[in-house]
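Colleague: Below, each chain spelled out in residue letters.
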Amino acid sequence: MSDMSDTATTRGRPSRILFVLPVLLFGVLAAVIAYFMLTGRDPRLLPSTLIDKPAPEFSLPPIAGWQGRKPGLATADLKGKVTVVNFFASWCVPCLAEHPQVMALSKIKGIQVVGINHKDRPAAAKEWLTRHGNPYARIGADAGRAAIEWGVYGMPETFILDKTGRIRFKHVGVIRPETLKHKLLPIIRDLQK
Amino acid sequence: MRALAALLMLVMVAAFVPAALAVEPNEVLKDPALEKRARNISKRLRCLVCQNQSIDDSNAGLARDLRVLVRERLTAGDSDKQVVGFVVARYGDFVLLRPPVNAATFVLWFGPLLILLLAGAGVFVFLRRRRPESAGAAARPLDAAEEKRLDALLADDGPGS
Amino acid sequence: MIAEIGHFALILAALLAVVQGTVPLVGAARGNDPLMALAKPAAQAQFLLIAVAFGALTYAYVVSDFSIANVAQNSHSAKPLLYKITGVWANHEGSMLLWVLILALFGAALASFGRNLPPTLHARALGVQGLIGVAFLAFLLFSSNPFERLTPVPLDGSGLNPLLQDPGLAFHPPFLYLGYVGFSMAFSFAIAALLEGRVDPAWARWVRPWTLAAWSCLTVGIALGSWWAYYELGWGGWWFWDPVENASFMPWIAGAALLHSSIVVEKRDTLKSWTVLLAIIVFSLSLVGTFLVRSGVLTSVHAFATDPQRGLFILAILVVTIGGSLTLYAWRAPQLRATGSFRPVSREGALVLNNLLLTVATATVFIGTLYPLVLDAVGGGKISVGAPYFNATFIPIMTPLVMAMAIGPMLAWKRGDLWAALGRLKLALGAALAVVALTLWLDSARDILAAMGMALATWLFVGTALELAGRIKLGRAPLMDSLRRAAGLPRAAYGMTVAHMGFAIVIAGITASSAWQTESIQFMKPGETTNVAGYDFRFLGVKDGRGPNYTSQFGSFAVTRGGRPVATLVAEKRFYPVQRRQTTEAAIHTTWLSDLYAVIGDANKSGGWSVRLYHNPLVPWIWIGALVMFAGGLTSLSDRRHRVGAPRRARPVALAGSAPAKA
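Chains as they are written, first to last, in my numbering: chain A, 1 to 193; chain B, 194 to 354; chain C, 355 to 1017.
Keep in mind that the hints were calculated from the coordinates and are not lab data. Among the clues, some could well be false.
Claimed, not checked - Here are the computed lysine-lysine pairs in the DSS-like style, where the Cα-Cα straight-line distance is at most 27 Å:
#1 A:Lys-119 <-> C:Lys-827
#2 B:Lys-274 <-> A:Lys-53
#3 A:Lys-181 <-> A:Lys-53
#4 B:Lys-236 <-> C:Lys-736
#5 A:Lys-163 <-> A:Lys-53
#6 B:Lys-223 <-> C:Lys-736
#7 B:Lys-341 <-> A:Lys-119
#8 B:Lys-223 <-> C:Lys-959
Stated by the list, open to error - With beta-carbon atoms standing in for the labels, derived distance ranges:
#9 C:Gly-385 <-> B:Ala-296: 52 to 60 Å
#10 C:Ser-960 <-> A:Ala-123: 21 to 29 Å
#11 A:Leu-185 <-> C:Ser-960: 47 to 55 Å
#12 B:Lys-341 <-> C:Gly-777: 52 to 60 Å
#13 C:Gly-777 <-> A:Ser-15: 53 to 61 Å
#14 B:Arg-342 <-> C:Leu-402: 36 to 44 Å
#15 C:Thr-945 <-> B:Ala-296: 48 to 56 Å
#16 A:Thr-130 <-> C:Ala-957: 32 to 40 Å
#17 A:Leu-96 <-> C:Phe-496: 53 to 61 Å
#18 C:Leu-803 <-> A:Gly-27: 35 to 43 Å
#19 B:Glu-340 <-> C:Pro-473: 55 to 63 Å
#20 B:Ala-296 <-> A:Gln-192: 36 to 44 Å
Don't be surprised by glycine CBs; every beta carbon is placed ideally from N, CA and C.
Work out the full structure: start from the sequences and follow the hints.
Modeller: What follows is the structure, given as structure tokens:
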């Protein structure tokens, strides 16, 4: 039966290329996905749109009822020195994990470390800082809007600004000791020059 | 790194209580036209801590803050484009549920059409090859007995398959 | 002890799968009957062993054996028994065990019911099933062992996500996997055919029942998931184009294409290499879906806890399985010869169009789902592809398909008359236009797209009915004659009619619920009344309550329409202390034409409660339509052709005065 219409089927059969196409396309796709996975890219981490831009305009009050503190945090405070801006909160468990690293940052000469206390209860924040140590030269209490201005979407997040108040680097998530040593410190040193 | 990324996710997810309400009554604007615009814009903005929901659908803290922000800016007189632009300036294109049409998304937006055209062309070529007329040398004509048998068979053929 | 038995059974199953995956293939290549005959007992034994393993894990959950890590992480002694059992598959390891169980189930079914198949094809198909089993059993044993022990044994488990303690969601995975994994049969048959080097029309007849069963189950699985989202998530949404939803949707669309193209192979002996490719693609999409859910490369509400090691393992399985099968295809498919020919305007042509559009639709969803990943990988930044994209691309592709769905069955095989077919559809066109007019007249917003959606649904429904009427010559022959014809129609014909009508019902449901939902968000104090789409909702107040592992607050509404009582809705808000999670249980009353939907939120300071009330028109039709499609699939499945099996070769009939075949 197949003989009779051979002439129909063999005339101008689809070229072999078409049959190879599916496996080629799959190969390319698999390679891209494998590359993506092997380079450890985290699909949840968002790059910052604010890199190399001046810090957002904002003015935050200090933590309510906190005595002996300088009045809050505003954009003007971020100029003049290399500044590390750290978003933190007492309810944020990873913030506690990175706290030693933030304390270490606060001991570096010539830079300032400031904190933005995000959606926290004043009493809880005060207790947290008293118990674990306060690395921040200044603190601003944020009810939520400041986080949006800075493009923050999770906690904790840390920004490094240069002397002119431009954002030069953003780190999302916990600052681990390795991150501190190999990423943040070199950048800070670079910006101090 | 991955364990801590997971921890970070934990914090984000803890903030996300998935199945409660989204837009709260006290967010609703008094002006229905403005509120409608706010809802439409909210439906287009992605909730960044929720994994694939719009800020209209989610009741995460960040989603709520963004909804309030959208309404504030609309009340202040911003156009829809300006409001969306405000959010995109801070969070990037990722926050748009409808991806922008630019060089990077060219394949995304035009891919389906291209595939349709290419596949359509392929089908067209295939169908031409399958036409009965093109079936090689014409079969020899049927003789009378075969014609009669053919007619009998055709008359028997019911409708459909 | 039980867990160790389960673990051991799994190891044995893996070894058996290795045997099943190699020996019969060798036997088929050499024509060695005893080797091929090994496939059947191997497949059946493998199923039994995996069933033992699954039973062992289920037992551990039921008795709350927290010395097993999987049980400790995903269960809790306070959970109701039903959810302890369904919790077996609500986590990564347990669901993978369910995956291989269903894979083995299909293998055993093929082993037991494949008597009519040529022995080599049978052996090869079972061999390929075995190979797939090897891959996933290895994955289970080496990287996702459900039977790992935990020391020290915790006093209680870490509970389960409260969202998953729900009947709808509990049964969503089994149906989904019956579908997903069921497509492995079509895949195995395709590979077997490529190894044989031939695709007979009979091959399509054998593949169809398996594909039908899988596709029907997948329909229910997807519908269950959507239905769950609808009543659980609190604002009446039911489809979000989430990557994991898309991962189950793509095999469904491609599976529908496969069902239709295999008809052409069976009846007309053409479209063979395309159908084989499609069978490979459908299961590949299932595998890709499995990968996406468990690898962490895409952000999704559905994703299991992510572990890149596992992701790479699954990717490796994908590369070998899909890459290998597509390579085999590239090598062997050119040898497949087709014989049927047909004109473009014919039933075959319509089915080709069906395949074209469904394939493009699948590709569209595929591109949209994977694009963020690919773009990020090549350094193009991070973007999101959400519902707006899919609505803008998917709907325009499906629209011509739905239009053609009413016309296609009216065309004859080989050579069809388009104008005649359209002529027979005059009534459908009239009905569609009437619906457009009616919709625009009733709709104050004059939504033209919604009107067109309703028109399409009407066109398809009436057109399908007209096709059936035409077949039984309703109106053109005496009624008894028509009834007699109707009784004699093959079940597959009814299957098509029912399934297409089900699809029309779904389209109507989707259109109406998207376009005409009424939403009302406000604070209400007890005693106050709100009117939503003609229904009066009177808030009766909030009461406290508690369940086995949660506390709750119940908000009640008395709903009346024009003064007459309709229903009492009790919405619930639950708090699960172990997980520190809150969920809402919406109160839904269905009138079968629409849903009344109420959700209760938090109280404000002045004694009011945050309340959301909805009127969702035609939403029930989405679930009903899906069930109707399922019924259609089952009807086709029960056609006696599938039970009778392949016909034996008839004796050649001598034609009077025939000359020897032309040389």
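Colleague: Is the gap between the beta carbons of Thr-130 (chain A) and Ala-957 (chain C) within 32 to 40 Å?
Modeller: Roughly 34 Å apart at Cβ, these two residues keep to the hinted range, so it holds.
Colleague: Is the distance from the Cβ of Leu-185 (chain A) to the Cβ of Ser-960 (chain C) consistent with 47 to 55 Å?
Modeller: 53 Å, holds
Colleague: If you check the beta carbons of Arg-342 (chain B) and Leu-402 (chain C), does the distance land in 36 to 44 Å?
Modeller: Violated: the Cβ-Cβ distance is about 55 Å, outside 36 to 44 Å.
Colleague: Is the Cα-Cα distance between Lys-341 (chain B) and Lys-119 (chain A) 27 Å or less?
Modeller: 91 Å, violated
Colleague: Is the hinted range of 55 to 63 Å satisfied by the C-beta distance from Glu-340 (chain B) to Pro-473 (chain C)?
Modeller: For Glu-340 (chain B) and Pro-473 (chain C) the Cβ distance comes to about 42 Å; the hint is violated.
Colleague: Take a look at whether the Cβ-Cβ distance between Gly-777 (chain C) and Ser-15 (chain A) falls inside 53 to 61 Å.
Modeller: Since Gly-777 (chain C) and Ser-15 (chain A) have Cβ atoms about 41 Å apart, the given range 53 to 61 Å is violated.
Colleague: Does Lys-236 (chain B) pair with Lys-736 (chain C) here, judged by a C-alpha cut-off of 27 Å?
Modeller: 19 Å, holds
Colleague: Assess, step by step, whether the Cα of Lys-163 (chain A) is no farther than 27 Å from the Cα of Lys-53 (chain A), and give holds or violated.
Modeller: 13 Å, holds
Colleague: Taking only the CA atoms, is the gap from Lys-223 (chain B) to Lys-959 (chain C) under or equal to 27 Å?
Modeller: Between Lys-223 (chain B) and Lys-959 (chain C) the Cα gap is close to 20 Å, so the pair holds against 27 Å.
Colleague: State, for the Cβ atoms of Ser-960 (chain C) and Ala-123 (chain A), whether the hinted interval 21 to 29 Å holds or is violated.
Modeller: 26 Å, holds
Colleague: Is the gap between the beta carbons of Leu-803 (chain C) and Gly-27 (chain A) within 35 to 43 Å?
Modeller: Given about 40 Å between the Cβ atoms, the range holds.
Colleague: Does Lys-736 (chain C) sit within 27 Å of Lys-223 (chain B), going by the straight-line distance between their CA atoms?
Modeller: 36 Å, violated
Checked against the numbered hints listed earlier, the structure breaks hints 1, 6, 7, 12, 13, 14, 17, 19; every other hint is satisfied.
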